[in-house]
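Visitor: Once you have looked at the hints, place chain B on chain A.
Chains as they are written, first to last, in the numbering used here: chain A, 1 to 735; chain B, 1001 to 1156.
None of these hints come from the bench; they were simulated from the model.
This structure is a prediction, so every number in the text was calculated from the model and none was measured.
Treat each hint with caution, since some may be false.
Quick list of in silico lysine-lysine cross-link-like pairs, DSSO-like style, CA-CA up to 30 Å [stated by the list, open to error]:
1. A:K247 x B:K1064
2. A:K398 x A:K725
3. A:K433 x A:K398
4. A:K247 x B:K1062
5. A:K725 x A:K599
6. A:K433 x A:K725
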Amino acid sequence: MIRALHRWPGLLALALITVLTLSGAALSVFPAAERLTAPQAATGLTVAALAARIQAVYPGVEQIRRAPSGRITAYWFDQGAPGAAVIDPATGQGVASADPNQTQRWLTNLHRSLFLGDGGRIAMAVGAVAMLVLSFSGAMLVARRAGGWRHWFAALRGPLAGRLHVEIARVAVVGLVLSSTTALWMTASTFDLLPSGGTAPALAVEVSGETGVALMMMPTLGDTPVADLRELSFPYPGDATDVFTLKTDRGSGYLDQGTGALLGWSDLTGWEHVFETIYMLHTGQGAATLGLVLGIMALGVPVMGGTGVLIWLAGRRGRPRIRGNLAAGRAETILLVGSEGGSTWGFAAALHAALSRAGQSVHAAPMSTLTPDRYTRARRIIVLAATYGNGDAPTSAKGFLDRLANLDRAPEAALAVLGFGDRSFPTYCAFAKAMSEAARAKGWSELLPLDTIDRQSSQDFARWGRTLGQALGIDLELAHQPGLPTTETLTLISRRDYGAEVQAPTAILRFALPNATLWQRLRGAGFARFTAGDLIGILPEGSPVPRLYSLASARRDGFVEIVVKKQPGGLCSGQLTALEPGQTVTAFLRRNPGFQPGKGRAPLILIGAGTGIGPLAGFVRGNTRHRPIHLFFGMRHPDSDFLYGEEMPIWQDDGRLARLVTAVSRGARPHYVQDALRGEAVEVARLIRDGARVMVCGGRDMAAGVAEALAEILAPTGLSPAVLKAEGRYVEDVY
Amino acid sequence: MKSLLATLALITALTLPGLAMARPVTLTTTLNSYGGDGAYLALYVTDASGAYMGSLWMAGTKSKYYEHLTDWYRATGGDTAQVNGITGASVGAGRSLEITLDLADALFDAGYTLHIDAAVEDMRDSPGEVAVPLTTTGAGMATTGRRYVASFAYDM
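Here chain A stands alone, though its shape is the one from the complex:
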């Protein structure tokens, strides 16, 4: 909801806001330039002395004005011809032209009305409203992303565009809120939507009817320092009924031209002070430095516009475009999609297209938008649900179960659930199963029983399509070959072999970093940005299904490294472990933000066995800030498969690795990594009590053993692996 409130005003008002902020930033320079160039009055100079000086030079002087910058301008008539100049208060002489700066005038008109009069003013006010909405919705997004308002300036991760966007936003937002609020106030004032300020002072006393008092003899002018002056208007020559009009920072009044007496005065009202303060805050006139700061902050907006569009495009790419998607209220078939990485959307798009071709009216939406009230014509609801992690809802299905639970009753339309997952995980399609179970408990009628798609299988999907077609009484042919992310070719530069002697041939493979284009770097796409713990998908020859491996290196290491064990009969691992330097593989990058050590100084307990050491070694290698890392590593035999055995002593010596505990499983007394943990129970419990973060990488059985061991170790402290997981202090990358 907040994201939509940020995205759409941003995209719609992008051009308008860009014009507003660029012109505003350019205008912010003028008050500062004027402040620097205007000749300033000496302290203590009175208005009387200044006016007398100017009158001596320009006898026909009519008006003297002082701008907040201190610039003094005089207007006069000389033999019927009007004249004006910027005055040097020391001499009373004109030193520069008083004509308005044409560039500033052009920019001002562009900034406030796009040269379109009142219509343009309203358009620009809409721009200011959009700016305000963007500021507030953006601030909420930043707070949410950082994990609360207190973490406003927390370090950022992710692609460059996103970081730049937030980096600028969290500094500039103050200025943008100030500028857009004051802009709206000024627009409201221009359109008379605000009560007007003060009134002109009344002439309290009749004029004397005399003329010709010397300026130096007028007490009020003699008491007023030039610093307070705003405007002094002279009476018409020859009109004895006219008066001097004086405006200062305190108020305005009339002075008799015969006696110099004050004929009437009215102080500035509080309301006028408010107006003037807001004017100053917006224009920077009288607050040139603030103006410049606001101008610089405004300059961030076009950059945020550009990066915002990039972020939006990146988000859209994850989700295929669905052509002819009907509104929720017009469709007989509702497709609800629960997708994490976007691949389930690909299946949804194929299903949407096939159903539409068969003459069905279809609406596709994320599962998180479940709103049966809006499905007024729906006769069936089809849910395509992936699973995230250990049975959690994928991103686009967040909140679905709560929404379902809060319904008064199950929707009328019958339900079909199709789960997407990987059968090699114990939590295969766990979310789809949980969701299907919740629907049954709610009494939701079933169109088809729960079915599942293993590893994006096209065959499974086509088979399910035929079943669905039968249920609908139509011929439904589903052909979907899931699209793959953009792949790169990686060239092997070196390999180190281990484990042959213990029947576990394993290799550390190091590939050259592929060249990233500037565009990729800006978007942080592909291999332009990765860290240890991210995943690499390798496409083996002879299979369209990619295999994922954890990365043991980060971009700044300058290479791509993985650890691969040859599986008996394994297609991909067989090809990889046979790879010689100079040979290539086809690969793509997939981020794995859930398995990162995160920022901070809290100790890290890294636990891994076999090839699971890969990402953990990558974390240690990148630990140049010497965060205390305690690594528990399980191997078969130290003489054969001690992966990274050469680097470990170096890392320990230079402080990147605080402690290494190994467990050896081959020998008289088999010792596993969970046994090593138990052996260090006191130390492990102390570290965790002190805020340590636990990261586990390796096989499923090892992870289960580690969880069990930790549960025992933590029992006396009242903590448990489940509690740590909930706090995000216990993460696993298990295969």
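Guide: Frame of chain A, contents of chain B only:
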């Protein structure tokens, strides 16, 4: 081109005999190229003693700028009711403003004076830009303003 029939503001302000006797008068104000934004102009009438009688036209719709039409503002206290219904757009540099009003015969040759106050953003305020007596013989005679008005004339 501004055209309107009865100028209620003026006529109610001037409770004159012979009210029924009125004729259309065209006021033409042409500005010089002073190099600034659109000018605000207040056209109003004073009597022989210089007292404000009523307004004929206000060019410029934003009342927050009216204080820069100094004489008109002082005479009316900035009362926007004085120009209700007789307000139009500000006049750009080098442009003309032409308005046609029904003016009472009694306004002419009776010591009344027509004034124009002018003001331009970031430039000089020019109260008393134009001041011409309303006479039947003066009709069609062009006057030059002090700063912004290149020529002003009223035609009957």
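Visitor: Now tell me, hint by hint, if it's right for this structure.
Guide: Evaluation of the provided hints:
| no. | hint | in the structure |
| --- | --- | --- |
| 1 | A:K247 x B:K1064 | holds (17 Å) |
| 2 | A:K398 x A:K725 | holds (19 Å) |
| 3 | A:K433 x A:K398 | holds (15 Å) |
| 4 | A:K247 x B:K1062 | holds (21 Å) |
| 5 | A:K725 x A:K599 | holds (17 Å) |
| 6 | A:K433 x A:K725 | holds (22 Å) |
The earlier numbered hints are all upheld by this structure, with none contradicted.
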